[in-house]
Amino acid sequence: MDRWWSDGTERGGVLWGGVIAIVLTGTFLGVFQNALVRRGDKDDGLAWKYVPPKLDTLESLQAAAGGTAPTPAPAPASADPNDPLQMPADLGGTEIPDVGRPIEITVKTARGLVDSKGAAIIDAREAADYAAGHIPGAVNLPFDEVITDPVRLEAFDPKGKPILVYCGGATCELSMKLGYELVRLGKKRVLVYTGGWPEWTAMGYPVEKGA
Amino acid sequence: MAALEFFRHPTVRRIAQIGAGVIFLAAALPKIADLESFAGSIHNFHMEPVVPMALTNVLAVTIPWIELVAGLALIANVKPRAGAVVYTVLMTFFTIAVIAALARGLSFDCGCFGKSGAANLGAMKLLENVGMLVLGLVASLERRG
Chain P
1 MDRWWSDGTE
11 RGGVLWGGVI
21 AIVLTGTFLG
31 VFQNALVRRG
41 DKDDGLAWKY
51 VPPKLDTLES
61 LQAAAGGTAP
71 TPAPAPASAD
81 PNDPLQMPAD
91 LGGTEIPDVG
101 RPIEITVKTA
111 RGLVDSKGAA
121 IIDAREAADY
131 AAGHIPGAVN
141 LPFDEVITDP
151 VRLEAFDPKG
161 KPILVYCGGA
171 TCELSMKLGY
181 ELVRLGKKRV
191 LVYTGGWPEW
201 TAMGYPVEKG
211 A
Chain D
1001 MAALEFFRHP
1011 TVRRIAQIGA
1021 GVIFLAAALP
1031 KIADLESFAG
1041 SIHNFHMEPV
1051 VPMALTNVLA
1061 VTIPWIELVA
1071 GLALIANVKP
1081 RAGAVVYTVL
1091 MTFFTIAVIA
1101 ALARGLSFDC
1111 GCFGKSGAAN
1121 LGAMKLLENV
1131 GMLVLGLVAS
1141 LERRG
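Read top to bottom, the protein sequences are chains P and D.
When we follow this note's numbering, the leftmost residue of the first sequence carries the number 1, and every step to the right adds one.
When we follow this note's numbering, the leftmost residue of the second sequence carries the number 1001, and every step to the right adds one.
Keep in mind that the hints were calculated from the coordinates and are not lab data.
Lysine to aspartate or glutamate pairs mimicking EDC-like chemistry, simulated, CA-CA at most 16 Å apart:
1. P:K177 with D:E1036
2. P:K49 with D:E1036
3. P:K188 with P:D157
Heads up, incomplete: computed chain P residues facing chain D, CB under 7 Å, no partners named:
4. E10
5. V19
6. V23
7. T25
8. G26
9. L29
10. G30
11. N34
12. Y50
13. G169
14. E173
In this text the structure is predicted, and so the values were computed from the model without any measurement.
For every residue, glycine included, the Cβ atom is placed at its ideal position computed from N, Cα and C.
Model the full structure from these sequences, guided by the hints.
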């Protein structure tokens, strides 16, 4: 083996040398390309350190607003704090502030809003997933379709209620992106239920089927 | 073993190498075009217990280019066996990541071939990965004579 290229007979040191060469070349090209792009414009390419997308939670906003977080009424001794039936159901949409960006909500708040019909709900998953089951009252606006078609998003009328967005991922970056898009289009009080469909079904909460 | 002899046939191995190379090119190009989506996909796997989250972007920047170089090596028949080993090792990691995600009940578009309308993680994805892994093993078989 005295050629730098080969017909697939390389083995031992030559083989591993080739493996290392491929990995190093790829790594170098990737880092080089990204560095080059970022030299042109810092917003292009990827930051070297990853910062996970994060939203303010409703609880943190309420706490910041000066302790207006609803203190739960003293429950009976036998009460299970995780029992959804004993949670305050009526949020009515009135306690939700408009902060000009999406707000993350928990399954508890989501359940309250669904039960009280206090929010217009958007299911951002694909149509087939929606048809197989969704949160009661949700309207299907698949992320891939509407992100390229803002007219459909603009036409969505929450009738003065907050908008609750959810999708199928565990942290649901799609619903976050959709939330930001809705705010950009001028929608008020956009809530992102990050637990989404997996958490909702895991809790055994009511679902609705059909397209 | 007769079956192994069949896979050792130069033509069979060469076809496997080209197939694996095409798969890696098809996987690499959309990711390079949209690194941000790929970083989001990596984040979705939630590998923080093993891979620090801060490394997400470093992986997103380097993996597609390693795929590209390995894919080109496989197709162009330049160090194809080394390319096949890189392919197989990466595919093993991907398959482990898919299994780990499925085991925790995560469901999302894996971004394996970029963002374009891929289905969510599921049994099909796992099967696909195992198939691609076998292809890599065949492509990495040592040539005799």
